[in-house]
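Participant: The numbers in the sequence shown follow numbering that gives the first Met the number 0, run straight up by one, and end at 116.
Heads up, a few of these hints could be off.
What the hints assert, rightly or not - Now the in silico label distances, taken between C-beta atoms and shown as ranges:
| hint | residue 1 | residue 2 | range |
| --- | --- | --- | --- |
| 1 | GLU86 | MET53 | 12 to 20 angstroms |
| 2 | MET50 | TRP84 | 27 to 35 angstroms |
| 3 | LEU26 | ALA61 | 19 to 27 angstroms |
| 4 | GLN89 | GLY62 | 39 to 47 angstroms |
| 5 | LEU77 | GLN18 | 17 to 25 angstroms |
| 6 | ALA44 | LEU94 | 29 to 37 angstroms |
Source of the hints: derived by calculation from the structure; they are not laboratory data.
All values derive from a computational prediction rather than experimental measurement.
Even for Gly, the Cβ is constructed at its ideal location relative to N, Cα and C.
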Amino acid sequence: MHQQALAIETTAPLPPIAQAAADLVQLGIVPLRVKHRGKAPTANAWQQTAMPSMDDVPRQFAGQCNLGALLGAPSADLVDVDLDWPEAGQLAAKLLPASWCYGWCGIGRSLKEAATI
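Take the sequences, apply the hints, and build the full model.
Facilitator: Below you can see the structure in the form of structure tokens.
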């Protein structure tokens with residue numbers, strides 16, 4: 000009996016920022032490369048950024064950078080609501096639909112609450 004060697008494709012895990020960008024792509028959210036330790040997108044015409052292919056994500060998010068998201072129509076009308084004051088978080092709980100949260104989730108809605116929604 001002749002046995003044939005199986006070709007096993009292996010890929011190295013993505014760095015954390017690239018993995019997070021890939022996760023955004025899978026959610027239908029356009030990821031933006033943002034300056035390391037900053038908030039400004041690195042691309043000049045970042046407002047016209049298209050959804051990258053999964054193959055392009057490791058290259059686009061290589062090296063040190065932060066991660067942002069393009070809001071609005073390109074990302075299924077995604078919006079961001081800043082709840083910087085405790086009162087804003089209290090109002091949001093009554094006025095906004097249940098959603099997930101990121102960043103500093105301790106003010107208003109907590110990360111635990113957002114994760115169970």
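Participant: Now tell me, hint by hint, if it's right for this structure.
Facilitator: Tested hints:
At roughly 41 angstroms, the beta carbons of GLU86 and MET53 sit outside the given window of 12 to 20 angstroms. Separation of MET50 from TRP84 is about 34 angstroms and conforms to the stated range, judged on CB atoms against 27 to 35 angstroms. Under the hint 19 to 27 angstroms, the C-beta atoms of LEU26 and ALA61, about 21 angstroms apart, fit the expected range. About 40 angstroms separates the C-beta atoms of GLN89 and GLY62, a value consistent with the hinted range of 39 to 47 angstroms.
Hint check: LEU77 to GLN18, Cβ distance near 19 angstroms, so the stated range 17 to 25 angstroms holds. Separation of ALA44 from LEU94 is about 34 angstroms and conforms to the stated range, judged on CB atoms against 29 to 37 angstroms.
Violated hints amount to a single one, hint 1; each of the other numbered hints is respected by the structure.
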